[in-house]
Amino acid sequence: MTPTDVEAVYDALAAQIDSVGRAKSELFLIKLALLLSHEFGDANRVIKLIYDAKRNLDAANYR
Amino acid sequence: MRDAALNLALSHSFAGQLANPRQMTPYTYCDSPVVCADDPEFKSGPQVGAMLPEARIGDGYLTGKPGAGFSVLVFDKRLANDLDIAGVAVILIDAESEVAQQFGARQSSAYLVRPDLHIAARLFDATPATIQHALRFAAGEVLP
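Chains A and B are the protein sequences, given in the same order. Under my numbering, the first residue of the first sequence is numbered 1, with each subsequent residue one higher. Under my numbering, the first residue of the second sequence is numbered 1, with each subsequent residue one higher.
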């Protein structure tokens, strides 16, 4: 994926998170994660990425 | 998580199995001493000892209906009304529905569901008395 591709994905994701609203964003993101995992087809790598995403969630200066 | 899986299952069937609250490939307890012999009159549907399958009921899901104790699935309003067993949830399913077909049930049929959502007994032609007996057997109180 090129940086332009990543940016397109980022924009589409940002727009839809805003559009579903805070109350439904978790539901939406879990559905998306399950859909992506199913397409991706490699459970071990998905599980590694789940742990990767969990890192640094409490970092103070993430913004 | 389960809500997300159920919601996704509306459009993608692979997510349906995730919504099952139990393990993905449930064990079928067909030889347990508290599992009745299966009623051979059933030509289809989940056999005794199997996990209660997921199905859409109205705007909810079948596995979301049972209470904390045993439940009885019935397909006849009158039978549902005649059942009054303390602590047992009665779930009425339309005998003409797809779910009834999925259970191989006719109007007089009944499924007794254990608290862990495995099927304890099923009766092709049930009466309040035979349901009560199946319940007492499943609870270890009587012999078949």
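Keep in mind that the hints were calculated from the coordinates and are not lab data. Nothing here was measured: the structure is a model prediction, and the numbers come from that model. The beta-carbon is built from N, C-alpha and C at its ideal position, and this holds for glycine as well. It is possible that part of the hints are untrue.
With a Cα cut of at most 30 Å, we get these calculated DSS-like pairs of lysine-lysine [said to hold, decoys possible]:
{"hint": "1", "chain 1": "B", "residue 1": "Lys43", "chain 2": "B", "residue 2": "Lys65"}
{"hint": "2", "chain 1": "A", "residue 1": "Lys24", "chain 2": "A", "residue 2": "Lys54"}
{"hint": "3", "chain 1": "A", "residue 1": "Lys48", "chain 2": "A", "residue 2": "Lys24"}
{"hint": "4", "chain 1": "B", "residue 1": "Lys43", "chain 2": "A", "residue 2": "Lys31"}
{"hint": "5", "chain 1": "A", "residue 1": "Lys24", "chain 2": "B", "residue 2": "Lys65"}
With beta-carbon atoms standing in for the labels, derived distance ranges [said to hold, decoys possible]:
{"hint": "6", "chain 1": "A", "residue 1": "Ala15", "chain 2": "B", "residue 2": "Met1", "range": "20 to 28 Å"}
{"hint": "7", "chain 1": "B", "residue 1": "Phe124", "chain 2": "A", "residue 2": "Tyr10", "range": "56 to 64 Å"}
{"hint": "8", "chain 1": "A", "residue 1": "Gly41", "chain 2": "B", "residue 2": "Ser11", "range": "12 to 20 Å"}
{"hint": "9", "chain 1": "B", "residue 1": "Lys43", "chain 2": "A", "residue 2": "Thr4", "range": "57 to 65 Å"}
{"hint": "10", "chain 1": "B", "residue 1": "Gly64", "chain 2": "A", "residue 2": "Gly41", "range": "46 to 54 Å"}
{"hint": "11", "chain 1": "B", "residue 1": "Asn81", "chain 2": "A", "residue 2": "Ala15", "range": "49 to 57 Å"}
{"hint": "12", "chain 1": "A", "residue 1": "Ile17", "chain 2": "B", "residue 2": "Leu18", "range": "33 to 41 Å"}
{"hint": "13", "chain 1": "A", "residue 1": "Pro3", "chain 2": "B", "residue 2": "Asp59", "range": "42 to 50 Å"}
{"hint": "14", "chain 1": "A", "residue 1": "Asp5", "chain 2": "B", "residue 2": "Pro40", "range": "42 to 50 Å"}
{"hint": "15", "chain 1": "B", "residue 1": "Ser44", "chain 2": "A", "residue 2": "Glu39", "range": "50 to 58 Å"}
{"hint": "16", "chain 1": "A", "residue 1": "Glu26", "chain 2": "B", "residue 2": "Tyr61", "range": "18 to 26 Å"}
Partial list, derived from the structure: chain A residues whose beta carbon lies under 10 Å from chain B [stated by the list, open to error]:
{"hint": "17", "residue": "Leu29"}
{"hint": "18", "residue": "Lys31"}
{"hint": "19", "residue": "Ala33"}
{"hint": "20", "residue": "Leu34"}
{"hint": "21", "residue": "Leu35"}
{"hint": "22", "residue": "His38"}
{"hint": "23", "residue": "Phe40"}
{"hint": "24", "residue": "Ile47"}
{"hint": "25", "residue": "Leu57"}
Now the hints, each set against the structure:
Taken as a hint, the Lys43(B) and Lys65(B) pair is honoured in the structure, with Cα atoms around 25 Å apart against an allowance of 30 Å. Our distance criterion of 30 Å between C-alpha atoms is met by Lys24(A) and Lys54(A), whose separation comes to about 20 Å. Annotation: proposed proximity of Lys48(A) to Lys24(A) holds, straight-line Cα distance about 26 Å (limit 30 Å). A hinted pair counts as satisfied when its Cα atoms are at most 30 Å apart, and Lys43(B) with Lys31(A) does not qualify at roughly 37 Å.
Note on Lys24(A) and Lys65(B): the hinted pairing holds, with a Cα-Cα distance of about 24 Å set against a maximum of 30 Å. For Ala15(A) and Met1(B), the hinted distance range of 20 to 28 Å is satisfied, since their beta carbons lie about 24 Å from each other. In this structure the supplied range 56 to 64 Å holds for Phe124(B) paired with Tyr10(A), their Cβ-Cβ distance being about 57 Å. Judged by the Cβ atoms, the range 12 to 20 Å given for Gly41(A) and Ser11(B) holds: they are separated by roughly 19 Å.
Taken as a hint, the range 57 to 65 Å holds for the pair Lys43(B) and Thr4(A), whose Cβ atoms sit roughly 58 Å apart. At about 30 Å, the beta-carbon gap between Gly64(B) and Gly41(A) misses the expected band of 46 to 54 Å. A hinted range of 49 to 57 Å for the beta carbons of Asn81(B) and Ala15(A) is consistent with their spacing of about 52 Å. Here the CB-CB span from Ile17(A) to Leu18(B) is close to 22 Å, at odds with the stated 33 to 41 Å.
Between Pro3(A) and Asp59(B) the beta carbon distance is about 44 Å. The supplied range of 42 to 50 Å therefore holds. For the hinted restraint 42 to 50 Å between Asp5(A) and Pro40(B), the CB-CB distance of approximately 59 Å leaves it violated. Between Ser44(B) and Glu39(A) the beta carbon distance is about 33 Å. The supplied range of 50 to 58 Å is therefore violated. Checked against the given bound of 18 to 26 Å, the beta carbons of Glu26(A) and Tyr61(B), roughly 20 Å apart, stay inside it.
This hint holds: Leu29(A) has a C-beta 8 Å from the nearest C-beta of chain B, less than the 10 Å allowed. Checking Lys31(A) against chain B: minimum C-beta separation of about 5 Å stays under 10 Å; hint holds. Because the closest C-beta pair between Ala33(A) and chain B is about 9 Å apart, less than 10 Å, the hint holds. Hint status for Leu34(A): holds, given a least beta-carbon distance of 6 Å to chain B, under 10 Å.
Residue-level restraint check for Leu35(A) holds (minimum Cβ-Cβ distance to chain B is 7 Å; threshold 10 Å). With a least beta-carbon distance of about 6 Å to chain B, the hint placing His38(A) at the interface is held under the 10 Å criterion. Restraint check, Phe40(A) versus chain B: the minimum CB separation of about 13 Å is more than 10 Å; hint violated. Evaluation of the Ile47(A) hint against chain B yields a violated restraint, the C-beta minimum of about 15 Å exceeding 10 Å.
Interface hint at Leu57(A): violated, since its Cβ lies 18 Å from the closest Cβ of chain B, which is beyond the 10 Å cut-off.
Comparing the model with each numbered hint stated earlier shows that hints 4, 10, 12, 14, 15, 23, 24, 25 do not hold.
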